[in-house]
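Q: Sequence:
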Amino acid sequence: MSTAIHCDEAIFKMKEAAEMKITDLDAFYDSAKVEDRMNLYFELEASFLRYLADGYCDLAAHVAYLAAYYIEKKLHAVSGKEMASYYLNRAIQLCPANEYLQLLAEIKDV
1105 MSTAIHCDEA IFKMKEAAEM KITDLDAFYD SAKVEDRMNL YFELEASFLR
1155 YLADGYCDLA AHVAYLAAYY IEKKLHAVSG KEMASYYLNR AIQLCPANEY
1205 LQLLAEIKDV
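The opening position of the sequence shown corresponds to residue 1105 in the working numbering, with each subsequent residue numbered one higher.
Think of the hints as simulated: they come from the structure by calculation, not from any bench. Remember, predicted model here, so these are calculated numbers, not experimental data. Some hints here could point you the wrong way.
To be verified - Below, a list of computed lysine-lysine pairs in the DSS-like style, where the Cα atoms sit at most 30 Å apart:
{"#": "1", "residue 1": "1125", "residue 2": "1177"}
{"#": "2", "residue 1": "1117", "residue 2": "1178"}
{"#": "3", "residue 1": "1117", "residue 2": "1185"}
{"#": "4", "residue 1": "1212", "residue 2": "1177"}
{"#": "5", "residue 1": "1178", "residue 2": "1125"}
{"#": "6", "residue 1": "1119", "residue 2": "1177"}
{"#": "7", "residue 1": "1212", "residue 2": "1185"}
Build out the structure end to end from the sequences listed, making use of the hints.
A: Printed below as a string of structure tokens:
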């Protein structure tokens, strides 16, 4: 099931964040306006910080993973590799899932 992404709130609802997949980020990026593409990054950042502060470590790790992917694979920011590595290292500290480790290895190989 795909989660529709809407950049109309500062923080993703927990259920939306938990169900969000990389394919959702891809679909959003491909159809969004430039300002909405950037707003998504900030919504991911704010959601990560909120869930981390509230003690939802697995959810914070998942959102950090999504942020890392989005920064590196979609936004192609100048400092994207460093930012994506930061988010992935945080995700791995919180919940060392294989998909987080794989993306970190992929980013380091680039």
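Q: Work down the list of hints and note, for each, if the structure agrees.
A: Against the structure, the hints:
no., hint, result
1, 1125 / 1177, "holds (14 Å)"
2, 1117 / 1178, "holds (22 Å)"
3, 1117 / 1185, "holds (27 Å)"
4, 1212 / 1177, "holds (13 Å)"
5, 1178 / 1125, "holds (14 Å)"
6, 1119 / 1177, "holds (24 Å)"
7, 1212 / 1185, "holds (8 Å)"
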